[in-house]
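Numbering (the numbering used here), first residue to last: 2 to 279.
Treat each hint with caution, since some may be false.
Claimed, not checked - Pairwise CB distance ranges, derived in the manner of DEER restraints:
| id | residue 1 | residue 2 | range |
| --- | --- | --- | --- |
| 1 | Gly136 | Lys192 | 26 to 36 angstroms |
| 2 | Asn168 | Asp199 | 37 to 47 angstroms |
| 3 | Thr236 | Asp94 | 12 to 22 angstroms |
| 4 | Lys221 | Glu160 | 16 to 26 angstroms |
| 5 | Phe120 | Arg86 | 15 to 25 angstroms |
Said to hold, decoys possible - The calculated lysine-lysine pairs, modelled on BS3-like cross-linking and capped at a C-alpha distance of 30 angstroms, are:
| id | residue 1 | residue 2 |
| --- | --- | --- |
| 6 | Lys83 | Lys253 |
| 7 | Lys157 | Lys140 |
| 8 | Lys202 | Lys224 |
| 9 | Lys157 | Lys223 |
| 10 | Lys192 | Lys204 |
| 11 | Lys221 | Lys202 |
| 12 | Lys221 | Lys157 |
| 13 | Lys204 | Lys157 |
| 14 | Lys157 | Lys202 |
| 15 | Lys221 | Lys201 |
| 16 | Lys157 | Lys226 |
| 17 | Lys157 | Lys192 |
| 18 | Lys204 | Lys224 |
| 19 | Lys223 | Lys192 |
| 20 | Lys226 | Lys201 |
| 21 | Lys192 | Lys202 |
| 22 | Lys204 | Lys226 |
| 23 | Lys223 | Lys202 |
| 24 | Lys170 | Lys192 |
| 25 | Lys253 | Lys140 |
| 26 | Lys192 | Lys226 |
| 27 | Lys221 | Lys140 |
| 28 | Lys221 | Lys204 |
| 29 | Lys157 | Lys224 |
| 30 | Lys140 | Lys170 |
| 31 | Lys201 | Lys157 |
| 32 | Lys224 | Lys201 |
| 33 | Lys202 | Lys226 |
| 34 | Lys157 | Lys170 |
I should point out that these hints are in silico values taken from the structure, not numbers from a laboratory.
Note that CB positions come from ideal geometry on N, CA and C, so glycine has one too.
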Amino acid sequence: MSGSSGESHEEAHAKSTNTALIATSLGTLTGCLILPMIGVLFLAGVLIVYLLYRYMWPIVIFCSIFNVCGSGGDGGGDGGEKGDRVMEVNNGDGREELYSPAVPTDLLRTVRDAGALCFQIGPVVVAAQIQQESGWNEKLVGTDGAEGISQVPPDKFEEFGEDDDNNGKTSGLDPEDSIMTQGRYLCSLAKQIDTLLDTKKVKGDPLDLTLAAYDVGLDKIKKAKGVPEASDANTYVVGVRSSFALYAGVVKPPEGEDYPTMSPAPQPSESSSPTDDQ
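Work the whole structure out from these sequences, hints included.
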């Protein structure tokens with residue numbers, strides 16, 4: 002009996018020890034699994050927020066500032082119709098008439114001139130791209146060396162830049178030089194894009210392709226045979242287009258308020274000559 006009783010005690014002790022080891026192992030395993038799962042969920046949440054910010058902010062801005070996205074109920078009304086018009090213009094060809102109060106008065110003629118250099122690019126496109134590139138900051142110097150209000154790539158400014166303000170120098174920090182160079186470069190890109198589309202070497206909307214080429218270079222458009230998916234080019238195109246309705250005058254600020262661009266309201270350029278005709 003004593004041997005049997007001793008054996009039972011040892012078995013019970015072994016079982017107790019095994020149970021403790023199993024519980025400890027399960028706890029450790031659960032901890033090892035939970036921590037990566039939490040990390041994955043966190044990263045997924047960050048990615049979702051990032052994508053919403055990158056791609057949905059233009060819609061959110063228009064809805065919140067202009068109240069043009071419609072509401073519940075009958076889903077129509079003036080807000081819904083205006084929202085439809087905003088989306089139509091933002092998704093259009095950018096050849097709407099430029100709404101002059103949205104542009105600094107001393108740069109209005111230059112923006113119109115740049116937008117009249119070719120059929121493919123209108124002044125609304127030029128103004129919206131300036132909004133995206135610099136927020137009308139003519140003294141901006143980018144990390145890539147691009148200078149001025151239109152942030153034309155340095156090598157392209159050297160190729161297309163001219164002394165458009167007739168001050169004896171050609172500089173990206175001169176807003177007239179920068180904007181007209183932007184127009185010439187855009188037109189050059191647009192014509193090359195038309196050729197690529199005609200020969201079926203790329204696919205997509207001509208204006209989207211042109212804007213993307215301005216942002217990431219024409220070679221990347223050719224290589225991707227369209228707007229590159231794995232790049233910021235799509236975000237750039239959406240960003241430029243999101244201002245079309247602003248510069249076409251489809252949406253306007255309430256009376257007495259500043260024009261609601263994404264930067265401070267347009268002001269006269271310091272470097273422009275006060276004797277320039279508008």
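Results for each hint:
1. Gly136 / Lys192: 26 to 36 angstroms: holds (28 angstroms)
2. Asn168 / Asp199: 37 to 47 angstroms: holds (40 angstroms)
3. Thr236 / Asp94: 12 to 22 angstroms: holds (20 angstroms)
4. Lys221 / Glu160: 16 to 26 angstroms: Distance hint for Lys221, Glu160 holds at roughly 18 angstroms.
5. Phe120 / Arg86: 15 to 25 angstroms: Holds: the Cβ-Cβ distance is about 24 angstroms, inside 15 to 25 angstroms.
6. Lys83 / Lys253: holds (11 angstroms)
7. Lys157 / Lys140: Within the cut-off at roughly 18 angstroms; holds.
8. Lys202 / Lys224: Distance of about 9 angstroms is within 30 angstroms: holds.
9. Lys157 / Lys223: Roughly 18 angstroms between the alpha carbons, so the hint for Lys157 and Lys223 holds.
10. Lys192 / Lys204: holds (15 angstroms)
11. Lys221 / Lys202: holds (12 angstroms)
12. Lys221 / Lys157: holds (16 angstroms)
13. Lys204 / Lys157: Holds, because 24 angstroms separates the two Cα atoms, which is no more than 30 angstroms.
14. Lys157 / Lys202: Within the cut-off at roughly 23 angstroms; holds.
15. Lys221 / Lys201: Holds, at roughly 16 angstroms.
16. Lys157 / Lys226: It holds: about 22 angstroms lies between the C-alpha atoms, which stays within 30 angstroms.
17. Lys157 / Lys192: Roughly 16 angstroms separates the two Cα atoms, so the pair holds.
18. Lys204 / Lys224: holds (12 angstroms)
19. Lys223 / Lys192: holds (14 angstroms)
20. Lys226 / Lys201: holds (9 angstroms)
21. Lys192 / Lys202: holds (14 angstroms)
22. Lys204 / Lys226: Holds, at about 6 angstroms.
23. Lys223 / Lys202: Judged against 30 angstroms, a Cα distance of about 7 angstroms means the pair holds.
24. Lys170 / Lys192: This hinted pair holds, its Cα atoms lying about 28 angstroms apart.
25. Lys253 / Lys140: Measuring from Cα to Cα gives roughly 27 angstroms; hence the hint holds.
26. Lys192 / Lys226: holds (16 angstroms)
27. Lys221 / Lys140: Distance ~28 angstroms between Lys221 and Lys140 Cα, so the pair holds.
28. Lys221 / Lys204: holds (13 angstroms)
29. Lys157 / Lys224: holds (20 angstroms)
30. Lys140 / Lys170: holds (16 angstroms)
31. Lys201 / Lys157: It holds: about 26 angstroms lies between the C-alpha atoms, which stays within 30 angstroms.
32. Lys224 / Lys201: holds (13 angstroms)
33. Lys202 / Lys226: The hint holds at about 6 angstroms.
34. Lys157 / Lys170: holds (17 angstroms)
Checked against the numbered hints given earlier, this structure breaks none of them.
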